[in-house]
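This is what each chain is made of:
Protein chains: 2
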Amino acid sequence: MKETLKKFREIVKNKKKIESTLALIQWDMETTVPKGGQSLIAEIIGDLSLKSYEISTSKELIELLDVLNENKNSLTELERIEVECLREENEKLKKIPAEEYREFSELTVKAQGIWVEAREKNDFNIFKGTLEKIFEYSKKFAKYRNVNEKPYNVFLDDYEKGMTIEKLDNFFLNLKSEIVPLLQKIKEKKVNFIPKNKVSIENQKKLSKYIAEYIGFDFERGVISESAHPFTLTVSPDDVRLTSRYFEDMPFSSVFSAIHEGGHGIYEQGIGSELKETVLAEGTSTSIHESQSRFYENMIGRSKEFWFGICPVANKYYEFIKKENLDELYKEINIVTPSLIRVEADELTYSLHIMVRYEIEKGLFNGEYTVENLPKIWNEKMKEYLGVEPVNDSEGVLQDVHWSCGLIGYFPSYALGNAYSAQIYMAMRKDLDIEQLLLNGKISKITEWLHNKIHKYGKSKTPQELIKQISGEDLNSKYYIDYLKEKYSKIYEL
Amino acid sequence: MKETLKKFREIVKNKKKIESTLALIQWDMETTVPKGGQSLIAEIIGDLSLKSYEISTSKELIELLDVLNENKNSLTELERIEVECLREENEKLKKIPAEEYREFSELTVKAQGIWVEAREKNDFNIFKGTLEKIFEYSKKFAKYRNVNEKPYNVFLDDYEKGMTIEKLDNFFLNLKSEIVPLLQKIKEKKVNFIPKNKVSIENQKKLSKYIAEYIGFDFERGVISESAHPFTLTVSPDDVRLTSRYFEDMPFSSVFSAIHEGGHGIYEQGIGSELKETVLAEGTSTSIHESQSRFYENMIGRSKEFWFGICPVANKYYEFIKKENLDELYKEINIVTPSLIRVEADELTYSLHIMVRYEIEKGLFNGEYTVENLPKIWNEKMKEYLGVEPVNDSEGVLQDVHWSCGLIGYFPSYALGNAYSAQIYMAMRKDLDIEQLLLNGKISKITEWLHNKIHKYGKSKTPQELIKQISGEDLNSKYYIDYLKEKYSKIYEL
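Protein sequences appear in the order of chains Z and S. Position one of the first sequence corresponds to residue 1 (my numbering), numbered consecutively onward. Position one of the second sequence corresponds to residue 1 (my numbering), numbered consecutively onward.
Since the hints were derived computationally from the structure, they do not count as laboratory data. One thing to keep in mind: the hints can contain errors.
Identical copies look the same in the list; a pair holds intra-copy or inter-copy alike.
Taking lysine-lysine and the BS3-like style, the derived pairs with C-alpha atoms no more than 27 Å apart in a straight line are [unchecked claim]:
1. K121 with K206
2. K13 with K35
3. K206 with K35
4. K110 with K17
5. K13 with K51
6. K15 with K121
7. K276 with K35
8. K185 with K430
9. K35 with K209
10. K456 with K35
11. K445 with K35
12. K459 with K15
13. K276 with K110
14. K459 with K35
15. K16 with K51
16. K51 with K15
17. K16 with K110
18. K51 with K17
19. K35 with K15
20. K121 with K209
21. K322 with K487
Keep in mind that this is a model prediction, so the values were computed, not measured.
Please take these sequences and the hints and turn them into a complete structure.
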């Protein structure tokens with residue numbers, strides 16, 4: 001057994017190193033590579049993906065996993081979970097032929113370049129054929145993996161174990177039936193707001209960095225950089241990378257990106273050191289990940305108390321932020337304006353953007369929609385749920401990078417993450433006086449709570465286990481809906 | 001034969017891809033990685049170096065090379081050169097045991113972190129033990145490779161084929177005997193100059209980018225980024241990366257970095273496309289590389305005509321640059337001030353900095369010096385040749401990254417590059433009216449000349465072949481000495 005475990009650890013180490021290399025190359029692709037280098041980097045990513053696939057499906061690993069599984073009783077609990085986790089991954093991957101896996105990896109890397117071009121030229125037709133291929137591969141892979149399951153369910157389950165179309169239909173129906181009327185009432189109030197403050201990019205960078213550090217992001221084990229779309233990428237828990245973007249006339253866009261990505265980053269950096277050498281050293285699901293980023297962004301970052309706590313520093317870089325103006329600031333950063341771009345959406349309408357994407361993915365899988373018609377379908381849904389309609393594809397169907405990366409079934413995580421964040425927030429309130437801590441600048445107590453209840457476990461507990469342990473019940477969208485209704489009724493005096 | 005060539009091309013492709021991956025990771029290490037990620041990235045670089053070593057010394061490749069070598073006559077000229085080049089590399093590498101090769105790769109990556117710390121803390125003792133190890137490995141490797149040769153010659157030959165201690169002693173003696181007295185005369189003139197112009201970093205970035213593009217750097221196939229020390233790194237000729245650094249009160253530091261690194265970059269981007277899939281798609285030697293960067297930096301960038309040609313644009317970003325001030329500007333950018341830091345050295349004293357390093361490397365190999373005593377030796381030599389003495393190790397022996405990277409025997413390339421650049425400049429003058437082209441903003445004719453005489457050949461011609469073809473003779477330091485004497489006698493009215 002000792003020898004088996006030793007061999008197992010070696011393979012895992014190798015696998016993790018390939019994945020870290022892949023992460024480093026992906027980081028370069030997102031932040032640096034010039035146009036001329038794109039095709040080579042695509043090939044390198046293809047090679048590394050294949051390599052990682054080969055390790056995960058190698059006969060050697062499978063045999064080791066079988067032996068370890070048969071001798072479960074002599075394993076520690078963490079080892080058991082790790083073995084189970086790898087067995088599952090293996091089950092998923094081995095059904096996809098290696099060559100097709102590689103083709104798909106390369107396709108999605110190239111697709112990102114094509115998507116960028118389509119968006120720049122504002123022409124869905126440039127991207128259409130590629131997107132069709134991505135969905136074709138996805139359908140094929142879903143069939144390989146589970147011929148008896150609805151293809152879309154196969155992918156939903158990847159991101160959130162046990163998630164199904166049925167559950168999500170129900171989830172979004174609840175949200176829709178509450179948020180759409182609430183939004184209607186807010187619109188009737190006809191509150192208009194035109195942001196007027198400009199802040200130099202240098203000062204925005206300083207405040208963003210300060211806030212990331214303040215909420216607990218460790219710059220000895222992480223960096224913040226720039227990219228067209230903010231994201232977080234983990235090379236290892238000791239090397240976590242955030243990006244943001246800066247516009248002089250939108251001084252809060254960068255700050256909220258820093259808080260949001262900082263939330264992701266703190267999660268990754270907070271993974272327990274006992275997991276470091278295992279495959280469990282990552283976030284447990286995209287939804288829980290999103291719950292952390294959105295918790296910091298919305299529950300913390302969009303509260304008056306947070307800004308009160310950091311007011312002296314914020315004022316150094318954003319002169320207009322003053323203690324006597326915080327009521328006004330609070331309204332500004334919580335303004336509800338149905339808009340076209342998801343990443344700039346306010347907290348209330350955000351989930352409606354996700355619903356549009358969810359329904360489209362579902363429709364593409366069940367044959368109701370075709371890629372060809374997506375721009376039209378997109379625009380219709382935006383009009384129906386949000387009351388706004390894109391005038392071109394860049395601010396419509398072409399706005400998100402996800403599909404070009406082959407991330408199908410990922411979008412619902414954002415909405416589920418919102419729901420998780422509210423449920424976690426309500427549970428935290430029972431233990432901590434959040435408002436008082438923020439007023440006193442003691443945010444570290446909040447991060448510590450999350451660390452002990454979520455971060456440190458990495459992937460060793462499922463989302464279901466975590467939320468049950470934290471709140472005593474399963475994920476329940478009621479908390480999120482109540483939170484939104486209470487907050488926005490107050491702000492808009494409904 | 002067709003089958004052999006096909007297999008050969010596959011291995012070369014694979015080897016090049018590993019090297020590009022390594023370049024991407026090295027770029028990350030130099031520009032991005034946080035402290036926490038350093039040890040993992042060091043391990044990844046170690047793995048990839050080993051992998052590249054394994055390919056280069058693989059039985060499969062050696063056998064193919066033997067077959068190709070035996071059938072030379074059915075190869076094209078380029079194929080013959082490529083085979084020869086790989087056979088030589090193979091000869092060098094195979095004598096070093098794989099495990100030691102890997103150890104040395106990892107050592108040098110870690111050494112860079114240690115060197116950074118030593119420099120920050122201004123304490124040579126932190127770095128001493130590591131540097132000793134690096135020189136020990138180097139001595140051992142030299143013995144493995146050629147037990148009958150002086151160890152330092154083995155490394156000199158790596159960077160410039162045929163280079164020896166004897167030749168370099170002679171080369172530096174010539175330089176020293178001319179430059180030191182010239183410098184003495186200039187010092188006696190007691191011209192003092194305190195730069196007074198500040199330029200915002202944003203504007204410095206704009207002018208740097210403009211100039212890089214103006215001299216011919218293609219931003220579709222390259223990027224410019226920031227790092228503590230400017231450098232150029234090639235992922236492929238279609239992905240060439242420069243860095244620079246910016247200080248508000250030293251507005252020319254960034255610009256000359258951009259021109260210098262731009263010169264390296266243009267060389268790499270200009271390599272003929274017929275070489276793209278071969279191992280010949282890189283600069284032929286570090287000296288020729290340095291000749292290109294220093295040609296642009298000194299012969300072009302420090303000329304009055306260059307600034308006249310770009311004056312309208314330069315004035316947009318650097319307001320004080322005006323046609324009526326160019327005489328003054330010319331003096332400012334050609335001021336001679338013996339100083340402590342090589343990368344900030346003026347054109348005249350630069351080679352003296354190199355001489356210090358050359359003599360130290362030579363002395364470490366022949367047993368005259370020990371690592372222990374380096375700070376003292378360094379300071380003495382600086383005083384003797386330049387008349388200035390460091391007060392701490394950071395501005396003395398700890399200033400350069402090279403030794404920590406294991407680059408032993410590299411420094412002389414800088415001085416040889418200077419000599420090449422002057423010889424090339426003199427040859428170019430026979431074909432082109434350089435001053436007139438610069439006055440008219442037609443620098444592209446100059447870059448085209450270099451492209452056709454040097455860049456396009458990549459590694460398919462040796463430095464010796466190139467300089468002979470260009471100037472009709474071997475490298476001759478006379479051109480460089482004449483150039484310096486003429487230029488500085490005029491500026492300082494000697």
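Right, here's what the structure says about each hint:
no., hint, result
1, K121 with K206, "between (33 Å within a copy, 26 Å between copies)"
2, K13 with K35, "between (33 Å within a copy, 21 Å between copies)"
3, K206 with K35, "between (30 Å within a copy, 20 Å between copies)"
4, K110 with K17, "both (24 Å within a copy, 17 Å between copies)"
5, K13 with K51, "both (14 Å within a copy, 17 Å between copies)"
6, K15 with K121, "neither (39 Å within a copy, 37 Å between copies)"
7, K276 with K35, "between (36 Å within a copy, 17 Å between copies)"
8, K185 with K430, "neither (31 Å within a copy, 81 Å between copies)"
9, K35 with K209, "between (29 Å within a copy, 17 Å between copies)"
10, K456 with K35, "between (39 Å within a copy, 21 Å between copies)"
11, K445 with K35, "between (45 Å within a copy, 26 Å between copies)"
12, K459 with K15, "within (16 Å within a copy, 36 Å between copies)"
13, K276 with K110, "between (32 Å within a copy, 21 Å between copies)"
14, K459 with K35, "between (36 Å within a copy, 25 Å between copies)"
15, K16 with K51, "both (11 Å within a copy, 17 Å between copies)"
16, K51 with K15, "both (9 Å within a copy, 16 Å between copies)"
17, K16 with K110, "both (24 Å within a copy, 20 Å between copies)"
18, K51 with K17, "both (11 Å within a copy, 14 Å between copies)"
19, K35 with K15, "between (30 Å within a copy, 23 Å between copies)"
20, K121 with K209, "between (33 Å within a copy, 25 Å between copies)"
21, K322 with K487, "within (23 Å within a copy, 60 Å between copies)"
Hint compliance for this structure: hints 6 and 8 are not met, and every other hint is.
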